[in-house]
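Student: The task is simple: from the sequences and hints, build the whole structure.
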Amino acid sequence: MAGCVLEDVTLRRKNLRFPFPKNMAQRLRGKRVEALTRRAKYILARIEGGEILLMHLGMSGRFTIHQPNGEVQGRPGEFHYQMPEGSPTGDGPHDHVIFQMAGGTRIVYTDHRRFGIMDLFAEEEAENHKLLSTLGVEPMGNALTADYLNEAFRRKHSPLKAALLDQKIIAGLGNIYVCEALFRAGLSPKRLAHTITSEAGPTARIERLVRTVRDVISEAIEAGGSTLRDYAQADGELGYFQHSFQVYDQEGAACCVPGCGRPIKRIVQSGRSTFYCTSCQK
DNA sequence: AGCTCGACCTGCACGC
DNA sequence: TGCGTGCAGGTCGAGC
1064 MAGCVLEDVT
1074 LRRKNLRFPF
1084 PKNMAQRLRG
1094 KRVEALTRRA
1104 KYILARIEGG
1114 EILLMHLGMS
1124 GRFTIHQPNG
1134 EVQGRPGEFH
1144 YQMPEGSPTG
1154 DGPHDHVIFQ
1164 MAGGTRIVYT
1174 DHRRFGIMDL
1184 FAEEEAENHK
1194 LLSTLGVEPM
1204 GNALTADYLN
1214 EAFRRKHSPL
1224 KAALLDQKII
1234 AGLGNIYVCE
1244 ALFRAGLSPK
1254 RLAHTITSEA
1264 GPTARIERLV
1274 RTVRDVISEA
1284 IEAGGSTLRD
1294 YAQADGELGY
1304 FQHSFQVYDQ
1314 EGAACCVPGC
1324 GRPIKRIVQS
1334 GRSTFYCTSC
1344 QK
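Each number in this note's numbering corresponds to the 1-based position in the first sequence with 1063 added.
Any given hint could turn out to be false.
Below, computed lysine-lysine pairings styled on PhoX-like, alpha-carbon distance capped at 20 Å [said to hold, decoys possible]:
id, residue 1, residue 2
1, K1085, K1193
2, K1219, K1231
3, K1345, K1253
4, K1193, K1231
5, K1253, K1328
Ranges between beta-carbon positions, derived for each pair [what the hints assert, rightly or not]:
id, residue 1, residue 2, range
6, G1204, A1098, 32 to 38 Å
7, E1282, G1166, 32 to 38 Å
8, K1085, T1341, 48 to 54 Å
9, H1257, T1073, 46 to 52 Å
10, I1330, T1258, 14 to 20 Å
11, R1075, G1264, 38 to 44 Å
12, S1281, I1330, 26 to 32 Å
13, G1322, A1185, 57 to 63 Å
14, D1298, R1075, 23 to 29 Å
By construction, these hints were calculated from the structure, which means they are not laboratory data. We put the beta carbon where it would ideally sit given N, CA and C, even for glycine.
Tutor: Given below as structure tokens:
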């Protein structure tokens, strides 16, 4: 997409999670995508003329790239749902947005649960944008420091699990990586966030948590992400960080810490599964 | 103000 | 076979 012209944009329904912005297709038609960037879990395309196209994949969204030579990228090896025979090019029941690029490349947004989001707004509105303005620091950025997290957690009376999933504090962590980071840090997901902070400055626990958050994210990126059911990278390659899960989706398996071996437990916190070792995480 | 939880939506795995 | 239940990578916004 980056550097290419959007020859045509087709919306095959009127909304995803939210209604598509007014005249979105017309506003994009004929415009060049000047750059593709990312903020938290949002993909941001800078459109010629000063608008930003914001895209979020939700739980099940994906882009598939159909090259003019017939090559297809972005379809994982196995599907979470049954693809209709012979309709992988944008007319499937969950193919919602089609970006026809000049030069013949077709990029299809597919999302069977429709938790995804697309929005289009003027560049100047970005900093006040509802979905962007409240986001916290990037987990891999310089702004995530032990000092920052200590301050952010000091008034946090929610469990660590919820605090790390809170995109207003750290923007970009999801359920898998929070479980893994807490395990590596030896911290219970049920522990209240403020109990690992101190007024004087970052505690050893905070320092360690910042380290494990960064480690988990960088290792997961290195491994190409986590393929549970149907996730694939942009080129269609599967991720393989799922083979490195120490707790996520490991209910009942023996804790991998030497000398522990107790079964990994699954609990539900704020409606999401949490996996942890009751012995190693305090 | 801060926190928890329901809602959004589809498909699949499981048990009866 | 078919039905009911629970579960899934996210996050907004209602209600406490």
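Student: Where does the structure disagree with the numbered hints, that is, which hint numbers, in rising order?
Tutor: 6, 11
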